[in-house]
Amino acid sequence: MRLTDLTLKELWHRKSQLVSGLLAITLGIGVIVGIRSFSVVSEKAVAVNLDNLGANVLVLPQAASVDNYYSADIDAPTFPESYVERIVTSTLPGVDNLSPKLTRRVKIGNENIVLTGILPKSEIASKPIWQQGGLMAKKVAASCAPKPGAEPAKYLDAKLQRKGIDSLAEADCFIGSAVAQRLNLKEAGTLPIEGKTFTIVKVLPETGTVDDDRVFANLHTVQALLGTGEQISAIEIMGCCSEISDGLLGKLRNVLPDTRITTIGQIVSTQIETNKMMNKISLVFLIIILFVGSISIGNYIWANVNERRKEIGILRMIGYHKRHIYYILVLKGIIIGLLGGVAGYIVGTLGAIWLGPQFAGIEVSPIYTLLFVSIGLSISISILGSVIPAYLAGKIEPFSNMQED
Amino acid sequence: MLLQLNNLTKTYHHHDGAINAVDNLSLDIPKGSFVTITGASGSGKTTLLLILGGLLRPTSGKMSYNSKEINLQNDENLADFRSKHVGFVMQSFALVPYLTAIENIMIALNVKNSNTTENRKRALELLEWVGLEDRTTHYPKELSAGQQQRVAIARALANKPDLLLADEPTGNLDPGLSEEILGILKEINLKQKTTVVMVTHSPMAAEYGDTKIQLKNGKLHNLDSAEIKINKQVLIN
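Those protein sequences? They're chains A and B, same order as listed. Reading the first sequence from the start, the letters are residues 2 to 406 in the working numbering. Reading the second sequence from the start, the letters are residues 472 to 708 in the working numbering.
This is chain A alone, in the form it adopts within the complex (with noise of 0.2 Å):
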């Protein structure tokens, strides 16, 4: 018959009490673990629409008007392509891709068009969407991770990303849905651009947005062809969006002095915005239920130490230490904060599973790190809950035990 032994024979005689003093440090856990729950889906979320939208951030020259974000490289002055190798040779996280441009209108026949000459691979790789319209036959995930540390999500298949790249021949060509619907053009068929002809590879599906008016080549086939030299109009980046609102406009500006960078502003700064706020509330629940939960636990071991008198005093009087009263009932503490780490990380899941689709339309899965996570705060709560009610059962003196019932 050990201490420890002693504590557990201890829970099980009080049952009924320990399910009411576990009742409020698993609700607490339960409400941290469903917050943060919904905060990961909703970061996740973000990661994807993000991605789902392309490159995020922008580099232009600095002359360049940046009115319309999607707009903004068509016929803007130019700056050499080696920029490009600047940002890749400066390993800046949280840049997932980048894509040179070089984009001017052109007229073929009576339609003006808007030409950019592409890197394939990365073109494709930054505009999923194509992808999701049978370019690549396949869904490309979030490449942005939803906070830092912790691993990005990857492309399904990077061999169908490198298919993309050899596909793009010099004389090749995808077209906009709107380009072939008003110049009546298909796949396979050719196009006459300042006198060079391409071959259509492909038909993007509608995007809705500007891309629908574009031709799209080669970028050195579209250099030559317009004389430019080995400059571009743009480079877009697909950037992380935790790395974006950890400053990496600022850190591409030090790289880039000359250019002008900007980033598809409103929608990465109001789910940012909304991350932070998400964040922000688990950490106030977090305090909150650090105060209430150690209050709550440091009350019902209080109570179980007011009823223990006599048992206490019985371990005093046969020759138990002080220290061996605090083992015992800082033990219960843990004991008690181990189970409801686990009782709220069950309750907390579950809840979020049940309540995500019904109230915030998303779908929750569980997050196992959070089983330690829950573990821990709980265990912690629970040892500052019990420290003060054992110190003071110490001080109950080894004859509590005589007073008669």
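Careful, some of the hints might be misleading.
What the hints assert, rightly or not - In silico DSBU-like links for lysine-lysine, alpha-carbon gap of 35 Å or less:
| id | chain 1 | residue 1 | chain 2 | residue 2 |
| --- | --- | --- | --- | --- |
| 1 | B | Lys502 | A | Lys323 |
| 2 | B | Lys583 | B | Lys683 |
| 3 | B | Lys612 | A | Lys16 |
Stated by the list, open to error - Covered stretches of chain B (in silico footprint by chain A; criterion: 3 or more residues with CB under 8 Å from a CB of chain A, positions within the stretch not fixed):
| id | segment |
| --- | --- |
| 4 | 616–624 |
| 5 | 678–688 |
What the hints assert, rightly or not - Okay, the calculated bits of chain B under chain A, using three or more residues with CB under 8 Å as the criterion:
| id | segment |
| --- | --- |
| 6 | 516–529 |
| 7 | 600–609 |
Hints in this document: simulated from the structure, not taken from any laboratory. Glycine included, every Cβ here is placed at the ideal spot set by N, Cα and C.
Guided by the hints, dock chain B onto chain A, whose structure is given.
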């Protein structure tokens, strides 16, 4: 001498003044004696027993155990003294309600020895000795009052103490059971040479002692002993 008390005083402070529950008491208790302490309610007999067992600190005075002075002000020191040298038998049995008979004894053994197997063996021997070998897994509420007191006696003997202190051990028992428990205490005193100090209201129980002390207002009022010396103590009339 097993215990030597020198000018022990325990003062309780109440709103209407201070009361000396034990008043400047000096006493020697020899090894192997069976001392009974009687006196009216409030005479200080339980307070004296608590001080003898290291459960209560005196306000002033000294106490020596085997000629070695005990630091009566140090909690841990007193706890060690209790676990090594003293066994307690209380009127209310003082058993832990959610532990079985054998566990109630093992919890006392665990203070000195963490070997569960050895402790279980020793606890079984003690339960056999008090005739409860068939009640090892019974909880206190499943035992009669006499059986509970026998478990308490077995626990008091667990660590082979030199001193057994009993506070009204028959107070909750009928006359038949009282005699049975007193017989066990006498047997412990005679066979194991354990010094027994028993506080009692019962004149019949007091007769089991070879030394009978009567307290009045915290002072020694009467002493009937062939061995015990009154040390610097004036009997009050």
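Quiz item: Can the restraint linking Lys583(B) and Lys683(B) be considered satisfied, given a maximum Cα separation of 35 Å?
Solution: 33 Å, holds
Quiz item: Do three or more residues of the segment 600–609 of chain B come closer than 8 Å to chain A, measuring C-beta to C-beta?
Solution: Not satisfied, violated; 0 residues make the cut.
Practice problem: Please work out if Lys612(B) and Lys16(A) have their alpha carbons no farther apart than 35 Å. | Solution: Within the cut-off at roughly 18 Å; holds.
Practice problem: Quickly compare the C-alpha distance for Lys502(B) and Lys323(A) to 35 Å and report which way the hint goes. | Solution: Between Lys502(B) and Lys323(A) the Cα gap is close to 30 Å, so the pair holds against 35 Å.
Quiz item: How does the coverage statement for the segment 678–688 of chain B fare against chain A, requiring three or more residues with Cβ below 8 Å from a Cβ of that chain?
Solution: violated (count 0)
Quiz prompt | Within 8 Å of chain A's CB atoms, at least three CB atoms from the segment 616–624 of chain B: coverage verdict | solution = violated (count 0)
Quiz item: Are there three or more residues in the segment 516–529 of chain B whose C-beta lies closer than 8 Å to some C-beta of chain A?
Solution: holds (count 5)
Of the numbered hints stated above, those contradicted by the structure are hints 4, 5, 7, listed in ascending order.
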